[in-house]
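Chemist: Listed below, chain by chain, are the residues.
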Amino acid sequence: MMIKVNKHLVGGFDWMVFGSACGLMAIGFFFIWSAASQACAFRQLVFMGIGFGLFFGLLVLDYMQIVRQAYILYIVFIVALIAVLFLGGTIRGTRRWFDLGVVNFQPSEFIKIVLVLALAKYLMYKDNYKRFSILMISLAFAILPMALIFMQPDLGTGLILLPIFFAMVFVTGARIKHFLLLIPMGFVTLPLLWFFLLRDYQRARVIGFLWPSETQDWGAAYHRLQSLIAIGSGCVLGQGWKQGVQTQLNRLPEPHTDFVFAVIAEEWGFLRTFGVILLFLAFILGTLGIAYRTRDPVGRLVLIGLVAMFTSQIFVNMAMVLGVAPITGINLPFVSYGGSSLISSLLALSLIINVGIRDKIILTRRGFR
Amino acid sequence: MYSNRLKIIFGLVIASFTVLVVRLGYLQIFEGAKYSGISQKRLLRDYSVPARRGNIYDCRGRPLAVEEPAFDIVVDYKNILYGYLRDKGEMPQSLSQLKAHRDLSAGCDSCHVDTGLWVTKLANLLDSAPRQLLGQAEETVNRVEKIKEQVQLRHKKTVRIQEEFASHAIAKDVPLQKAAVFEMDQDSYPGVSLRTRPKRYYPYNDTASHILGYLGRPTPEEMHKAKSAIQRSDEEYKKSQNYKDLSPSSELADYRIGRAGVEGYYDSDLTGDPGRRVEVISLQTLKVDKTIFDMPPRHGDGVFLTIDLDVQRLAEECLGETKGSIVVMGTHTGEILAMASYPRFNPNTLGADYNKLIKDPDTPLLNRPTQALLPPGSTFKIVTALTALAEGKIDLNTHFYCSGSITVGEFKFRCTSAHGPVDLKRAIEHSCNVYFFETAKRLDGRAIKEWTEKFGFGSETGVDLPYEASGDVPLPRYPGERINVSIGQGALVVTPLQMTQLASAVANSGIMVRPHLLKKIVADDDATVRKVEAPELREIDIPKEHFPAVQEALRQVVISGTARGKGLEELGVAGKTGTAQTGSSDKNHAWFVGYIPFDAPRYAFCVVVEHTTGHGGEVAGPITRKLVSGILDIEKADKLLTAKRTAGTPK
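So the sequences go chain by chain: A and V. Take the first sequence: its letter number 46 is residue 46 in the numbering used here, and every next letter is one higher. Here the numbering used here runs 1000 ahead of the position in the second sequence, where the first position is 1.
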């Protein structure tokens, strides 16, 4: 079977975005090796293989074809999120994933991308973006999976859905006035969230973070402290790969998943860790660049959604590791160990590249530049 | 407009990454020096702080089980090993011993000698033979070398295990004076130190020993559970990586688990949760520089029992040195005031006595009130009478003629004597078997079993002690079986506690209470955690009007019946005697089951003497008299004291 390679498509391939993502994955591979084991790192390599298969497979399709199926995908994943509450496997008292043998399938990792697609489809046909009702319906799109993820309970992943919604609606041109209206609504729903959806341990973590002296959750305080010691002791040059005292003595919690950034900081030091942050920045800015260049508003919407998703995830994870945000179970895209997370990140990357290579000439309703 | 908003997004991205970089730089460049000191391998000490086990008290707050310090003399492993090798006077055999030998003798000759010196010095201090200390040393060396061998097999390389760096107990439970002498002169014992360890102490020795229970060493599984609770780390996580063996070392050496009695039943309340402390050790002084993480332990809760130490001691004294049990329980509350069992054991010396105790044919470890399964004998006639009344098979006027025996089929069933014509009250009063044989003939087997079970027989009472026996209520199919069961013989077996429960049910006119030992559980900070408020009640669906006749009959038993002339009448006792046959004629169980006072019952009790030659009234009667008069004396003294206190308090 011959695959015709369209030279025009290859020309639009954004090497900066692709390259920085690959670099991050390579770094992830080596630090999973250091923090956990070689076997663990090679399992991550298998996930990368699966992820790249899906990555190239998805590139064959035009992203518009994918966006058209967004509602179906959305319904499928909502059902999966409901099902996982009843049928899912349990890790530390939460139900997040289905056991599929090779890989644990965690629907909440994929719903983020599906939400981006569904919102893009919903917003692309709207004549008047400025109506309040459209804002509310978009919000409903985000709130439904968010509530289901909270019930797992997984505070962090659920909260990532909010920035996606805000960024996409904001860029389509919703009125600032309407955004401001959401603030009092948020204040009304916050207590509901606090009392009905959050579990005791989650409340303890939030309280423990806001008022450390009153904390009762010693486990979280201990983890934060160990993470700070690891990062601080990395100093400027780091202790060397596989040489970090905190990491190698198992003092870090979850060193190869949620706290992998602390491992990097300890063993690589400030200069190289700064480089890792720059790689992330290159990835995000490259994506924003594609969004800026593309002439298709739908593609742009998808990219903005994905930028919001990645940025908030990176920010929340690093802020948690750096001790400026409460500990919630959010991992670092491309770097942390985990099949579902890595594969969903690669799917998102595929969408980004897809928008880049299919730079359409479309008569938009309003000129962009 | 769009383009502007895209720029705002761009700005937000840049801003959030800037925050991260600034924070990272601050931690690594400005605070880096502070943290890198902390993380150095030997400088950070992370250990668990053991929680103190809760005490057990009686209902007036007198301690029945407390934590006390015990002193052990511990010696560094290398000194133990050297002392052992020098004593053997032979070349070390295994590779690891050889290596240790080389390590130790590498330096100067004087230290070489010193490392073995502790044996003679300690023997002098403790007035014990050096041989004894060396025996302990040999045991330790063998144990550690065995562990090391296994670890090396598993890792397939030479390793040093933490036991080699730790110190091990050479003399346990050193008296306080010796410990003090040692402490003053500690510098002259290099490598030897004193370790304090919590020890359970039972101030009243064998008093209530079965109720209190004892502590034991945890099994490997329990140890593992306790360790994982301390580490609070995740199993999945451990599996996913090559777990580096850093288990909490000897900090769990003193870990004990309640094995029986209240110690076992309320073990989770008594145990508490260990704390955790992370300390920075300064390299220069090797002292604690500062504590950077301090999670205090949650000490175990104190358990207050319903047991009254005075009544318990009285009951044990009444029982004397005869095998049997006594239970005293509040009729309305189900609070057990005393539960005596003989033979007993002394939990303070259990470790030394254990092998002797488990071989003893009299089973001293058995808590007879809840675990002995005995035929109830004539005391069971109470149940037969109430069953027949409830089923309507007899009434108070039903008379049977007792000629001394009856014949059913080819078997002849005997009575104690020929009672002539008897009604229910007289039958209970004189314990006439024939009356109940005739009654049993009218009853159907299923009804007997059902009603017996309604009175709590055949199932556990639910008392808060582990391993309670449930007894057995057979289904009597044939007339002969029914006749046997009607007088508490045959395959029917009950526990003394179940009989006490029956006595209280009769005293309460059909309301059953669940017997219990827990009064309240009090946390370390004196906040009550759990309190037994209302007693658990269950009503038996027998019409109330049937009870007065039975109650009157039970009173008549001590006035003119089988327990007359034992001095029980004056004390206001009502009850039923019983002599349960066990097959051989000189081995009967003597029962007395009843309650006081007969007109307004407060206490139900059960006295049973196992394997005695006498009859129920003769053997159990005098014991009951002593018990009841003692209880009334204690009550009187109590009232006087309360009155004095109220008079003494200013208003």
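Just so you know, these hints were derived from the structure itself, not from any lab. Misleading hints may appear alongside valid ones.
Distance condition first, Cα-Cα at most 35 Å in a straight line; then the derived DSBU-like pairs of lysine-lysine [unchecked claim]:
1) A:242 - V:1148
2) V:1359 - V:1587
3) V:1359 - V:1425
4) A:177 - V:1007
5) V:1225 - A:242
6) V:1544 - A:130
7) V:1078 - A:242
8) A:130 - A:177
9) V:1146 - V:1323
10) V:1587 - A:242
11) V:1172 - V:1121
12) V:1587 - V:1639
13) V:1454 - V:1356
14) V:1519 - V:1425
15) V:1323 - V:1121
16) V:1323 - V:1587
17) V:1225 - V:1007
Chemist: Against this structure, judge whether each hint is valid.
Modeler: Now the hints, each set against the structure:
| no. | hint | verdict |
| --- | --- | --- |
| 1 | A:242 - V:1148 | holds (27 Å) |
| 2 | V:1359 - V:1587 | holds (22 Å) |
| 3 | V:1359 - V:1425 | violated (46 Å) |
| 4 | A:177 - V:1007 | holds (19 Å) |
| 5 | V:1225 - A:242 | holds (31 Å) |
| 6 | V:1544 - A:130 | violated (80 Å) |
| 7 | V:1078 - A:242 | holds (32 Å) |
| 8 | A:130 - A:177 | holds (10 Å) |
| 9 | V:1146 - V:1323 | violated (46 Å) |
| 10 | V:1587 - A:242 | violated (77 Å) |
| 11 | V:1172 - V:1121 | holds (16 Å) |
| 12 | V:1587 - V:1639 | violated (42 Å) |
| 13 | V:1454 - V:1356 | violated (40 Å) |
| 14 | V:1519 - V:1425 | violated (38 Å) |
| 15 | V:1323 - V:1121 | violated (49 Å) |
| 16 | V:1323 - V:1587 | holds (12 Å) |
| 17 | V:1225 - V:1007 | violated (56 Å) |
Checked against the numbered hints given earlier, the structure breaks hints 3, 6, 9, 10, 12, 13, 14, 15 and 17 and satisfies all the rest.
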